[in-house]
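A.B. asks: Top line first, the protein sequences correspond to chains A and B.
If you count the first sequence from 1, position 171 lands on 171 in this note's numbering, and the numbers rise without skipping.
If you count the second sequence from 1, position 400 lands on 400 in this note's numbering, and the numbers rise without skipping.
Simulated from the structure, these hints should not be mistaken for laboratory data.
Check each hint, because a few of them may be wrong.
Copies of the same chain look alike in the list, so a pair counts if it fits in one copy or across any two.
[Claimed, not checked] With a Cα cut of at most 20 Å, we get these calculated SDA-like pairs of lysine to any residue:
# : residue 1 : residue 2
1 : K48       : D14
2 : K48       : L15
3 : K48       : Q19
4 : K58       : L15
Protein chains: 2
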Amino acid sequence: MLVVQKFGGTSVGDLDRIQNVANRVAKTKDEGNDVVVVVSAMSGETNKLVEYAEHFSKNPARAEMDMLLSSGERVTASLLSIALQEMGYDSVAMTGRKAGIRTNKLHTKARIEDINPDTMQSYIKEGKIIVVAGFQGVNENGDVTTLGRGGSDLSAVAIAGALKADLCEIYTDVTGIYTTDPRIEPKAKKLERISYDEMLELASLGAKVLQNRSVEMAKKLNVNLVTRSSFSDEEGTLITKEENIMEEPLVSGIALDRNQARISLAGVKDRPGIASEIFNKLAVAEVNVDMIIQNKAVDDTTNIDFTVPVSDLNDAKAVVDTFIENGEIKSDSYNDDICKVSVVGIGMKSHAGVAATAFSTMAQNNININMISTSEIKVSMVIDEKYAELAVRSLHDAYELEK
Amino acid sequence: MLVVQKFGGTSVGDLDRIQNVANRVAKTKDEGNDVVVVVSAMSGETNKLVEYAEHFSKNPARAEMDMLLSSGERVTASLLSIALQEMGYDSVAMTGRKAGIRTNKLHTKARIEDINPDTMQSYIKEGKIIVVAGFQGVNENGDVTTLGRGGSDLSAVAIAGALKADLCEIYTDVTGIYTTDPRIEPKAKKLERISYDEMLELASLGAKVLQNRSVEMAKKLNVNLVTRSSFSDEEGTLITKEENIMEEPLVSGIALDRNQARISLAGVKDRPGIASEIFNKLAVAEVNVDMIIQNKAVDDTTNIDFTVPVSDLNDAKAVVDTFIENGEIKSDSYNDDICKVSVVGIGMKSHAGVAATAFSTMAQNNININMISTSEIKVSMVIDEKYAELAVRSLHDAYELEK
Chain A
1 MLVVQKFGGT SVGDLDRIQN VANRVAKTKD EGNDVVVVVS AMSGETNKLV EYAEHFSKNP
61 ARAEMDMLLS SGERVTASLL SIALQEMGYD SVAMTGRKAG IRTNKLHTKA RIEDINPDTM
121 QSYIKEGKII VVAGFQGVNE NGDVTTLGRG GSDLSAVAIA GALKADLCEI YTDVTGIYTT
181 DPRIEPKAKK LERISYDEML ELASLGAKVL QNRSVEMAKK LNVNLVTRSS FSDEEGTLIT
241 KEENIMEEPL VSGIALDRNQ ARISLAGVKD RPGIASEIFN KLAVAEVNVD MIIQNKAVDD
301 TTNIDFTVPV SDLNDAKAVV DTFIENGEIK SDSYNDDICK VSVVGIGMKS HAGVAATAFS
361 TMAQNNININ MISTSEIKVS MVIDEKYAEL AVRSLHDAYE LEK
Chain B
1 MLVVQKFGGT SVGDLDRIQN VANRVAKTKD EGNDVVVVVS AMSGETNKLV EYAEHFSKNP
61 ARAEMDMLLS SGERVTASLL SIALQEMGYD SVAMTGRKAG IRTNKLHTKA RIEDINPDTM
121 QSYIKEGKII VVAGFQGVNE NGDVTTLGRG GSDLSAVAIA GALKADLCEI YTDVTGIYTT
181 DPRIEPKAKK LERISYDEML ELASLGAKVL QNRSVEMAKK LNVNLVTRSS FSDEEGTLIT
241 KEENIMEEPL VSGIALDRNQ ARISLAGVKD RPGIASEIFN KLAVAEVNVD MIIQNKAVDD
301 TTNIDFTVPV SDLNDAKAVV DTFIENGEIK SDSYNDDICK VSVVGIGMKS HAGVAATAFS
361 TMAQNNININ MISTSEIKVS MVIDEKYAEL AVRSLHDAYE LEK
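Required output: the full structure, derived from the provided sequences and hints.
C.D. replies: So this is what it looks like as structure tokens:
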């Protein structure tokens with residue numbers, strides 16, 4: 001089997017942990033697999049370098065930042081390869097460039113354009129363990145680029161795709177994906193398997209483990225992703241395509257997103273195109289609008305409610321203000337004491353009644369639902385934040401996820 | 001004027017010092033010059049990385065060490081470029097690869113094979129300040145290599161040669177080259193100019209400033225080198241070709257090398273080729289033999305005395321032992337309480353009596369001379385180490401170097 005293993009910052013946080021990673025890689029090799037390892041910078045290193053740069057400039061040039069930040073992963077990759085060699089394994093450390101990772105020109109958040117796997121493949125044929133510095137590639141000018149947040153995961157997924165690896169294991173300090181946040185519902189169970197689409201909808205459950213960008217790439221490249229812990233031997237969660245999931249569960253998990261705010265616009269002039277104008281301007285301001293509700297018009301005006309991440313609230317207010325100033329919106333109000341609870345499962349596609357169970361569970365607990373949105377595999381509800389834990393636990397019970 | 005400025009580890013030892021370097025580079029640019037800057041890693045960084053590697057292996061692979069160690073210079077180059085940009089200067093940070101530095105394959109002590117200056121030249125034409133990560137290049141496989149001790153100086157000299165720069169300034173924490181070590185002779189004067197050959201002979205005076213490898217390359221590429229301090233505005237010492245030195249001084253300086261040991265071989269079988277055999281074997285063992293004296297043979301045997309650096313003494317003993325075991329040498333003795341005092345000056349070429357003054361100065365002070373070696377521009381004497389300071393001060397006086 002060809003396995004790509006990615007180890008994040010805490011997994012390589014000090015020299016003992018790097019040795020621990022070397023032992024794990026060696027074990028995978030001993031079991032008869034070919035192994036390509038992708039590593040992040042030692043935890044704290046990237047932040048230290050960012051602080052150094054910010055000592056000189058509030059807004060340092062992105063090309064310089066890439067040359068600066070890409071050094072951290074090179075250090076870890078070199079050290080891990082040295083550790084493996086000392087244990088008697090034939091290994092080779094590689095920069096992103098050497099691994100053939102080509103990106104576009106967008107420094108500090110480059111996108112991988114393609115991977116030339118020739119060099120890696122020839123080393124694999126020689127039986128070598130390859131250790132790649134994650135988070136980095138090289139653009140058409142030959143300059144080093146970095147891939148932004150979660151970049152090392154992206155490196156690993158892209159490499160797994162290019163090498164047609166059997167498995168891409170993402171090692172963090174978390175054992176896998178749970179049916180819900182175990183800090184809220186201690187009966188939460190680790191999922192064995194989950195589809196890409198479910199994982200994308202359960203983003204908040206996986207936030208500390210995997211960014212959606214990596215899941216999307218895994219889906220596109222058909223890479224079997226496993227998230228597991230580098231601090232235990234416990235099996236992780238396999239994220240794979242729907243066809244690989246034998247028994248489709250009705251509901252896979254309950255996600256909670258506290259990071260939402262609701263914006264209510266009252267007295268919006270009911271003329272054609274007004275909504276599209278508001279939401280276009282919000283898009284230009286890079287405000288991520290999630291749910292939208294538009295009420296029926298009364299007396300030439302209508303009310304529009306929508307939700308945005310709390311971090312986008314100020315930007316959204318600025319856009320709304322321009323409409324208030326020119327009289328197209330009468331008044332606005334904001335509420336960030338809300339949260340979004342989502343029930344996710346691919347089984348919903350073929351089973352009715354999942355949404356009805358969610359609504360009745362809320363009703364039984366006297367939780368008022370402010371907004372609802374649904375998709376083929378998800379029911380999301382906006383509720384007052386004070387009911388967040390109660391809602392999650394009740395839904396977890398209602399769908400019997402502890403079983 | 002096109003100026004290459006190289007700043008060593010202590011000159012970029014912390015963020016304030018990097019800012020200080022930025023100010024100095026900016027000043028050079030403001031004076032109407034084109035500037036290419038070469039930087040070392042922040043002091044302590046390289047040692048830290050070496051310690052990390054040695055945590056895993058006593059003998060880490062050299063390719064991995066190069067990927068590891070080359071990261072330190074990248075950090076400094078990025079930060080310095082960011083600092084310059086924040087001050088409003090148009091600057092660009094470059095790796096050794098981007099600067100076109102191609103080396104042979106010998107990881108951790110690669111030799112520069114050639115420099116393709118096209119990229120640097122096009123940036124210079126655009127008016128940009130270039131900041132190059134020193135100490136590193138890239139081999140024909142596209143792998144990063146490092147240049148060994150003093151490698152950033154070599155980068156700077158090679159770049160100055162490739163760009164036909166008017167000046168290559170090497171900034172350290174020392175103001176320049178002195179007529180002798182000021183800690184021994186407080187009247188020592190800083191030299192304004194000195195020839196490459198004199199500098200090579202005065203190696204011990206420049207040891208903390210410049211390695212001979214860099215001086216040799218400067219001589220070969222005809223680069224005007226200046227050593228000066230990054231902590232003061234004082235003029236440094238220009239190291240240049242002989243033709244550029246108007247008034248050739250009889251004597252430029254007095255060098256002292258305490259790091260010598262004398263090996264005396266008694267009863268060496270006087271057969272043809274025996275000396276060549278001994279010194280060939282020492283060469284194979286990488287022992288650097290400096291002076292050699294062979295006495296006239298008496299009774300089929302001869303005595304041979306030679307000096308080696310103290311650090312090579314054990315290796316030399318091992319070689320000598322093989323000859324004692326097979327009976328070709330009767331006995332050996334070792335003395336590391338010796339030192340070498342050298343009088344250096346290109347004026348010697350055309351003036352007699354320089355050596356005579358040296359010998360009579362020793363005689364007047366009752367200092368016994370154990371060994372002598374001379375070249376066109378140098379007289380070296382091995383004496384007991386206890387007379388080291390007295391010899392240096394007396395010679396400094398005798399040649400009136402304080403004037």
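A.B. asks: Determine for every hint whether it applies to the structure shown.
C.D. replies: Tested hints:
1. Taking the closest pair of Cα atoms, K48 and D14 come within 20 Å of each other both inside a single copy (15 Å) and across two copies (13 Å).
2. When the C-alpha separation of K48 and L15 is checked against a cutoff of 20 Å, the pair qualifies both within a copy, at 18 Å, and between copies, at 12 Å.
3. In the homo-oligomer, the alpha carbons of K48 and Q19 lie at most 20 Å apart only across protomers (17 Å), although the nearest pairing inside one protomer, at 23 Å, exceeds that limit.
4. Proximity of K58 and L15 under a CA criterion of 20 Å is satisfied inter-copy only: 15 Å between copies versus 32 Å inside one chain copy.
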